[in-house]
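Student: Quick note, the sequences are listed as chains A and B, same order. Using full-length UniProt numbering, read the first sequence as starting at 1 and increasing by one per residue. Using full-length UniProt numbering, read the second sequence as starting at 1 and increasing by one per residue.
Bear in mind the hints are in silico, worked out from the structure with no lab data behind them. A quick note: this is a predicted structure, and the numbers were derived from the prediction, not measured. Ideal placement from N, C-alpha and C gives every residue a C-beta, glycine not left out. Certain hints may be false.
[What the hints assert, rightly or not] Just the calculated beta-carbon pair ranges, DEER-fashion: (1) A:Asp513 to B:Asp71: 37 to 43 Å; (2) B:Thr194 to A:Asn401: 41 to 47 Å; (3) B:Gly100 to A:Ser543: 51 to 57 Å; (4) A:Asp513 to B:Gln171: 30 to 36 Å; (5) B:Pro179 to A:Arg457: 27 to 33 Å; (6) A:Pro63 to B:Ile311: 30 to 36 Å; (7) B:Pro188 to A:Arg303: 34 to 40 Å; (8) A:Gly428 to B:Val59: 53 to 59 Å; (9) B:Arg153 to A:Asn512: 26 to 32 Å; (10) A:Asp130 to B:Pro179: 31 to 37 Å; (11) B:Thr194 to A:Gly183: 42 to 48 Å.
Here is how the chains run, residue by residue.
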Amino acid sequence: MTLNSRRRARSYAVALAAGALALSACSSGGGSAPKESKEPEMKAQGITLGSAADSTGPAKELPGAKKGGTVSVLQRDAFEHLDPGQIYVSDELIMQTLYNRTLTNYRIDDKTGKVKLVGDLATDTGKSSDGGRTWTYTLKDGLKFEDGTPITSKDVRHAVERLYAPFETSGPTYLQQWLSGEGQKYRKALPDGPYKGKHLPKTVLDTPDEKTVVFHFDQPRAEVPFAVAMPNIGAVPPGKDTKEKYDKAPLASGPYKIKNFKPGKGIQFVKNDQWDPKTDPIRHQYVNTFDVSFGHQWVDSTRRLVADKGADKNGMTWTNAVDPSQISAVLKNKDAMARSMTETQPYVDVVSINTDRVKNKKVREAIAWAFPSGQYLQQFGGPKGGEIAGGLVGPTLKGYNPDFDPFQKKKYPGGNAKKAKELLKEAGEEGYELVYAYGNGDTHQDASVVVQQALERAGFTVQKKEIDQTTYYTQIGKVDNKYDLYRSSWSADWPSASTVVPPVYGGKNVYNDSANYSHLNVPAVNKEIDRVARVGDLNRATSEWMKLGEKVLTDEIPAVPTFYNRLFTLWGSGINGTKWNPIYGAVDPTAVFIK
Amino acid sequence: MTTPSQLTVAGKTAPAGEDGPGGQPAGLSPRQLMWRRFKRDRTGVISACVVLFFFAVAVLAPVISSLYGKDPYTTYGLDRPELLDPLTGYPMKPNGGIDGEFWFGIEPKLGRDVLTQLVYGIRTSLLIGLAATLLSTLTGIVIGVVAGYLGGRTDYFLGRLIDLLLSFPQQLFFVAFMPVVTALFVSPQKETPTYFRVTALVTVLWLLGWMQLARLLRGQVLSLREREFVEAAKVTGASPWRIVRKELLPNLGTPILVQSTLMLPNFVTTEAALSFLGVGVVEPTPDWGRMFAKGANFYEGDITYMFFPGIAMVIFVVAFNLLGDSVRDAMDPKTTR
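Isolated chain B (complex conformation):
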């Protein structure tokens, strides 16, 4: 209200600033510079491709399944006794039953197709991981910036809340929490629906996953808000909302992006761990983490089964972490690792 004149001043100065270097190739925006740096980083580009590939596989799971002609639910090995050894439950053929029909072999004991199990499992895990990452990132930003910018009592209470949640043992909490919530919402005579399990998983991962980012951002904001350009904005009478949006957030892009790319593989492995404990996604919904856990059980008799989900998981986590590093390097080349 008080600042129409100031706004016009700002409006005038801004285009004036752009006019100065206008036309010169050196005048790239920070984003363009970042993209250029990123493209030069070969590791980063390869990791990005791998990550994209995983997402493509997840999205295209039904297509892959129909082209390949198998689904992840049919127990081929049990329906066709020649596929599984009746004595041990392991595939008859060597290397986990890999052949022209079952490219990645078949699962011991239940005899399902490993390739489609893996593809659908990646889909389940990535979906959960992605949803939890998005929610946690948003929450982390909001709470971190609010705590840092407002300071004082708000900061204190939010800080203690973060402490409290950080001290929560995530997996134990989930093990205790799941049956209670299930009893609350699901009739004892009905199967717990898969969407319900997924929602519960995402909720818990989210509730206990945003704190690191929030704490990090709070620190950044604490130092940023004392800087001259924020002071200047304040003096010119900018609203807190505007300061946060226009002055602070653009400077927080790097930690947010880096943190969230590190968060995703973390969530995927946590989800896998929960499935391993039997409180995550249950049969028959394919799940990456559960495959991995099963592989650990079977490795003495059928190492091949562990090979595919295990290697896929390693590649995914490494690629995502390298991508996170590359993104950070590209956005903030001055930081040293």
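Bound conformation, chain A alone:
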């Protein structure tokens, strides 16, 4: 989360390890001397699906929790989308947990931080039949929108069908693709969405009664419970759907509703009195108002939260990190450290190699050996900003192998120039010219110095191109871009590499603005993706995806993995009940209260 450009990554999918991270208890406890402060340890665990009992509300009260008060939230980037169908970037994902409920959702234990997938609108995580081809969800009783109308299966159907409309462009597409076809093909099933009276056939999406939603797929789909936890699989009332305008004023189903959205400036969330805590196993409604303001650079939010004066006492941030330049000052400040956390995010930072331009695999291998991941990470905040990455798939996923490091990034923080030189010589490409593109910000400029130096040491010629930060992702997202190396970051949408390998390295996803920034389109990989997608068993599938992720890196080298992101963040002394949301890689607001 160290990067300005991160915000434009529509591709930031998000996500994480349900139940996946057991974080060491004292991940960043107060009193420890700066040099000894511990970093989170990760243990990938099995994915736990909650039972129907886990899915019934209300959520367990926090000891000492009080009601009332206003929490001010300092965020750097303005929220662009409020329509749950359009939300796919990290800070908006955490924001929507306040007002948007989905069929299933992640329940984070207040004490252990363990995550369980439970029913949210639905009574459980779904019943499958027909060998995993049919999934049935039953809605809870007592669900209401903020205007008091009850939530029915028709509203869920409408929420799904409106994702087929042409204006819904930036949300996740898993469920739509599984129901109606890959790529953008699914849109043909309902070209105008549900707005002209058409619906998906009952053989695809059925609502036999007011409470039941049935999905029919053409092949077994083991991961449906996770796909329906994405923010866009919730409920939208057909009568109140204002299409594009819904993006400014969506109807809330959660404990808070939107008040005063000022694009680019801020937004307020106030209590939704129609929300019934008995239906919700995940969220609380302790605070009266969340007052979110945008435009706070990390330096600014860090200073204010460290100073802890006035209204900032009740201040927090969901995704702003401690600015790298202030890490040492915060580490020395015991008072501030007691109100901080350092957690591993589900994002993996990689530097993609444009395989359309760098076709020679030996050259790509040389780049991977030469890349100075350790020194590079140092520019993004060192151990507080992330952990050197060995592979392309993040450590929060099941089956992650911490010893997988084919290019010995951990051993050679400055890159292995010797090995790279040999490879370049073998390929007969000494002095190979690389165009390294970077978003023009302080940190990225510093990082470019390190990258250029290491690659030139290995015998490359480097042309650095700076790109305006605000258009960075658009520029590198063009399939015919003229760059060879550029960074991006991606995270799994749920704790399975199935949400990493196919979208980022699948040949079907080479199009403008796709997450496949390497433009990798190799028959062997594509075939494997299709094969593993048909594996019906959840546990076997996840480990096969993980293996495929490793194979892609060693065989094709489409990107250099650089680091797994961490978030080191603070909150005000007046706030309690903060916990880590490992799914979205952010501080979870749903249990926050004022002391």
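Fit chain B to the supplied structure of chain A, relying on the hints for placement.
Tutor: Using the frame of chain A, we list chain B on its own:
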């Protein structure tokens, strides 16, 4: 053509004038008088030395670097892990890592040598500032004198041009202008060359920097051209070029010199501001302004890093401004501040 006789008259009178006080020590030229007054002004002399010192440092940057044995590009701190704290990226040693080897310490995070960075950075900034000052001064003189002397419609249009340019937000203009020009002249596959960036910077600073001087000179010329000695020159049939050169310009020396000595530090700080915004000189070319900006980021963890470029900048700007004042006092002692 019409005035050979007048020229000879003028030629005769001039030496006659010099003959009069010839031999007497009191007959110093205005320039000598000015120099004498300037030497008496201690602040001025000290400022001049400081300014000269900065220029010497800039010119001698490679020499300093080779004598000292470090260069501004090597990331010493990253290559030698004992120099930087891996957790925070700040130097391990106190005071920004100052020791016998790194006299001014090392840069946080990248671990480069601060002394050579500063010396080379001063060179970059001064070069840009100086070039922009020279160009702006020349342009300002030409346009100001032309507008003032010709008057009428020319004056009107030049005046509106000056208004237009004065209303341009310089930094915003540059932020918008740089990518466009880069796209025009630089292949998308090649790095933007440093000389190109420097040229673009100088050009923009120049285009948007000459107006104050021009406007000032126009006013001066407007009043001067009504004076008797100009009238006399006109009557004797002197060409406009001659009048401008011999009658007007010598009287404009003071504002020109004072304005340009104030202009230079102004350009240096503007350049620094542009680098701060990320549109000026980029890594790895050392740049004074960027160091200053970085120092502002690091000050909570490593105040020493901000200290050197910051103090150097303050000293430079103050010295140059004091020098400008002293020069004005020396040239025109009657003016009150």
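Student: Taking the earlier hints as the rules, which of them does this structure contradict?
Tutor: Failing hints, ascending: 6, 8, 9, 10.
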